[in-house]
Structures are given as C-alpha cells and as structure tokens.
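Colleague: For the protein sequence lines, the chains are A and B, in the order given.
Plus 15 on top of the position in the first sequence (first one is 1) and you've got our numbering.
Plus 14 on top of the position in the second sequence (first one is 1) and you've got our numbering.
Do not take every clue at face value.
Unchecked claim - Simulated restraints on C-beta separations:
no., chain 1, residue 1, chain 2, residue 2, range
1, A, A28, B, S149, 35 to 45 angstroms
2, B, S273, A, D175, 27 to 37 angstroms
3, B, L131, A, S172, 28 to 38 angstroms
Because the hints were derived from the structure by calculation, they are not lab data.
The beta carbon of each residue, even a glycine, is placed where N, CA and C say it ideally should be.
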Amino acid sequence: MTDNRTLRWFLFAYLALVFVFIFAPIFFSVVFSFNSDRFPTIPLGNFTLKWYQTVWNDPDVWEAARTSLTVSLSTATIATALGFATAYTDYRYSFRLKPIYLGLVLLPPTIPLIIMALAMLAWFAKLGISGQVMSIIIAHSVLTAPFAMAIIRLRLSQMDPSLEAAAWNLGANEWSAMRRVIVPFCRPAIISSFCLTAAVSFDEFAISWFVSGLNKTIPVIILEIVTGNIDPQVNAIGSFVFLVSMTLVIIAQVVLMTRRKKEN
Amino acid sequence: MVAPLVEFRSVVKRFDDFVAVEDVNFTIDAGEFVAIMGPSGCGKTTTLRMLAGLEAPSEGNILMDGRVMNDVPAHERDTPLVWQSLALFPFLTARENVEFGLQMRGVGAAECRRRALEWLDRMEISEFAERDIASLSGGQKQRVALARSLVIEPRILLLDEPLSALDANLVIRMQSVLTRLQRELGITFVYVTHSQSEAFAMADRVVIMSRGHISQIGSPKDIYRAPANRFVAEFVGRNNIIAGAVTKTAAKTVTIEGSLGSFTVQTGQHDAPRKGDVARFVVAADLAQISVKKPKSANVIPCSLISEEFIGSIVTLFLEAEDGSELKVQLQERELSKVDLKSATTTYLSWADEHGHYIGVD
Ligand SMILES: Nc1ncnc2c1ncn2[C@@H]1O[C@H](COP(=O)(O)OP(=O)(O)OP(=O)(O)O)[C@@H](O)[C@H]1O
Ligand SMILES: [Mg+2]
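For reference, chain A alone in the conformation it holds in the complex (with noise of 0.2 angstroms):
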C-alpha cells in the first residue's frame, strides 16, 4: 500500500519534471510570441500579433520555410521508401551478412550529429554538390531512413507470414503481391514514418547548419536571428515549428493507435 503510494508520487513528479523541462520552455516560448514587450519578461505586456506580422513580412523567413518545406517532404518521401525497402529485404529474404546488414543500415542515428554533419559536408564538398537543397535532402535521408525502417519493419514482423504467399497463390506476381498486400498491410506504419521522418527533418539543425549553404532552413534562420539579438520573431517561428512537428507526431501515433485497436 505505502509501496504503491510511494511509487505514485515518484511517477507524479517524474511526470511534472518532464513537464517543466520540455514543455514549459516551449509554453512560454508561445505566450512570449503574443507579448508585446521586446524581452521576455513578467509581468507580460499587451496581446499582440506584431511578431507574426514581422515574420510574415520578411523574405527571408519565407524563403527558409519553403526550402524547409521541400527539404522535409522529399526526405520524408526517400527516407519512407528506403525504409521500405530495406525492412522488406530484412523481412523476405534471409542470408549471411543479415546481422551486418541490418547494423550498417541502423547505424546513422548512433554517428554524433555533428561528426555526420562535418562528415556530409566534406563529401559533399569532394563531390561538389555542397550547399544545394539537395545536399540537405540526401543527408536529411541517411539520417532519417532508419527510424522509417525501423517502424515498417515492427509492422511487417505483425505480418501473418503466409499472407504474401497466399496472394501468389491467387495469382498476384510479386509485383502485384507488394503493391496489393505488403504496402497495405504496411499503409500506417508507412503514414507514421512518413511523418515522423518528415518531422525530424524539419527540426534538424546541425547538419542543415553545415550544409545548407546559402539555403537556410526554419531551424539555421531561427540560430540566425537569436545571435544577432534578442528577438521575439524567434517565438513567433518557434511556435510554428513547434505546430508543424507536433502535429506530424501526433498524426504518426494516432495512425499506428488506432490500427493496433481495429486488428484486436
């Protein structure tokens, strides 16, 4: 019984922690975006949208939230399909060197952000592609492909083993078989790697710092304005940063929630 209590308040404040710490920062960081004083200060000053209009007005801005834009929607794209195709690999086919494998293509997430990003830029630079949209993409993917893998590939292990086979067994060739059972079977884990990957991207500042060239993404422009001076206009950006990845997130769990609930 006091076990128990004992253990409920531990979690209690565990839980208020993790509260203060993430998401305080962030609450404040929005009710700062509306505040009409030029710092972050309490008592707040009047209501106002005088930041977003500031941000809505400055090229710059605009010009980072469409690079963003098409970095995080076409890494989404490769890193998804890549993830694809390399769970199913995984899950079809087995042979020797599987373990490793399975460990190179995992292995983006555990390289130190700032070594990759250094290491991008340099290969880059040698292949003479540095500093182009593209440049970010492609890192964006390496970095990205194996969450997206790791997800499809939990879905395809739920897979009733027999399933692909049975629509060869009716007729299907593997191409129709893949298009027809594996990639529906597979539609939410694809939705929420889609999401997530397209998330993680749009956050992502280190290696788009290093590589990005003269096309700042939202995360590099942000990092510009703070070290000129203290500027809201970053609340302002940070709040829809903020919306944008949380709401890819939120899509990504309610997808694969409520499939799991539907199967059971």
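Use these hints to put chain B with the ligands onto chain A, whose structure you have.
Modeller: Using the frame of chain A, we list chain B with the ligands on its own:
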C-alpha cells in the same frame, strides 16, 4: 490413356542438409478427395506447398495433366490453397478478399463483385460481405477462405489443416460442408491433416507420411484393415500389434512365436521373412473377440480385464496379457452384455485366422 491430374515423380525436398520430403511418388486423379496424413513435421505441408509452386522440389518432377510444373511460378498455377492460418487479407472486407483472385485474373469489377457475392451466398455468409475480416467468427472466416479459393473455379483445391483451429462441433459441420462441396463441384481436393477422423471421414484415398516418406497409400478401409507396416499400424491405433521371432515359414504363411504364444498368419503382399527375424502382425481391436470360456481357435491369448471405456455405443476393453502387454477389444455395448466378464478372473482374446494381418519385419 489420360494422364492423371497430378503426379509426383521421385520428388525430394531438402532444406539445406535436412531432408523434409524424400523420394515421394504418387498420382491423384481428377475428382478425387485425397487426404495426406501423418505426424507433425513429416512433410505434409511441404508436399502441398510444392504442388502449389511455393516451394521448388530439390529433385524429381511434379506433373499436372502430364506437364512438368517445376518451372511454373506459383501465380501461374491454378492451385489455390486454404491455409492453416487462413491468411485472409486483414485490410480488406470479406467480399474484397474473395474478389482478389478474380482481379488478379483480369476479371472486370462488376463481374468480380457478382461472382464474389454469389460465392459468399453459396457459403451462407452473404450478410457479412462488407464486414472486416477481424470482426468475423472462426467458422465465418473459414467460409471466406473457402470462397476466396473456389471463386476462381480451380480444378484442384489444396487444404492445409483448415479445420484445426475450430471447435469440435464446428469441425463436424465444416466436414460436411467440404464433402458436399467436393461432390457438387467435382473438383479434386488435396487435404492435409494430422487428424485420422477427418481424413477417414472425408477422403477417397489417404496418403500416410512418416519422416518425409510415404508409408502407405490406400482407401481409408485399406489403411485401417490392412496397414502395410508397423508405422501405419501404430499410427492408426485401435490395433493390437503382436511381435515375435519367425519359427517357421511356408508358402504364404509364417509362424511367429513371442511372449504371447505362437501364431500363424498369412504373409499377403509381403516378402517371406527368414527364420529368426523379428516379425509382427496386427489384430484390429474390433475384429478381436472376447470370451470367458477358452475358445477352440488356435489364436487365443489369455488375459485379464483392466478397464473399459464407453464412447457412444462402442465399448473398448483394455486387457493385460500374462507377459504384461496391453491388448484391446472393441465391441458394441449390447454384445458386451452377453459376456459375463465380472465374475471371470481370466478372459480370452481370440481372432479368426483371416483377421491376423501380417505387417512384416522392421
Ligand atoms: N523453410 C524451411 N526451412 C527449413 N526447414 C523446413 C522449412 N519448412 C519446413 N521445414 C522442415 O521440414 C519438415 C517438414 O515440415 P512440414 O511443414 O512439411 O511438416 P508438416 O507435416 O506439415 O507438419 P505439421 O503437422 O506440424 O504442420 C519439418 O521438420 C520442418 O522443420
Ligand atoms: Mg503443416
């Protein structure tokens, strides 16, 4: 002469070093109901999968209508399979599942729908046509799986333990659905099961497999009355298997002497054994007789009654012979009342000469 619908010629299947199916030969005629039966891991599913093209034989040929099928890919064969797990597509409705095979054959949407609904109706589940698979009961799923395979009008249907997930009552219902369907459609069924009652109740012919080999092929009656070897005799059960050393061989008969006595049986199809070989014969439990007075027959084993088991009107008596071996006799309940077993200390198990069935040396 017309070629049989299916022919296995010296088919071998190896997985790496492991031999799952070894030198299998048999034919299946059009319209037959063939059951493949055997203990777990004996290669039943592998045999069926090779027929469907989902597994390639390591050696030998599989022919259909006299044509070698080894290089024909699975999706070009009309050999639909009803899976043990059913393998229905969970993201489609019952009707869409049934339409799948037709769509793969390029049938138009309206025609697909019409034929799918017709089959769902035939399987008496048309009211569930638009339901998700997950919301159907076991028996309903079973019917969707059957409809999905039969809608493409195949000449042969493969079934891999389709009833193993159902409860006993439903199994009996589905058995009659299956036999009726097979008779009405006149198509060939190849039915894999480890259940004797399913195989014997439905099949025209039974193939008994053991460790990748075929142990015997025959009608259910053949398998039951004339097991070809010790494996089949033990697998079928209900048999008293009596072993002993061969003491005398004559034209078509052999005398076997063991701890239960000395008995002479016909050798039938088997090669004559050599003197001194350990040989066996069986006496089916329902052909054996029990009595309190010692009968005149030469085939008598004195024993004592251990227990009785009633299943419906059939009684099985479990007996123990003097050497400790267990024997069985099966008879109708009303026959039992004619034998006054209660007062007797010794009873006699006996059989007519023609009911001793020789199963060879092993
Ligand atoms: N893909 C495979 N790789 C390796 N071994 C396999 C494979 N498929 C089957 N086997 C082996 O081949 C043997 C026969 O398998 P099979 O599935 O045909 O048995 P079965 O008679 O259908 O048994 P059950 O009644 O348990 O379904 C088994 O020992 C099994 O382990
Ligand atoms: Mg099997």
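Colleague: For every hint, state whether the structure bears it out.
Modeller: To see whether the hints hold, each was checked on the structure:
1. For the hinted restraint 35 to 45 angstroms between A28(A) and S149(B), the CB-CB distance of approximately 43 angstroms keeps it satisfied.
2. Our hint of 27 to 37 angstroms for S273(B) and D175(A) is violated, since their Cβ atoms are close to 52 angstroms apart.
3. The hinted window of 28 to 38 angstroms between L131(B) and S172(A) holds, with their beta carbons roughly 35 angstroms apart.
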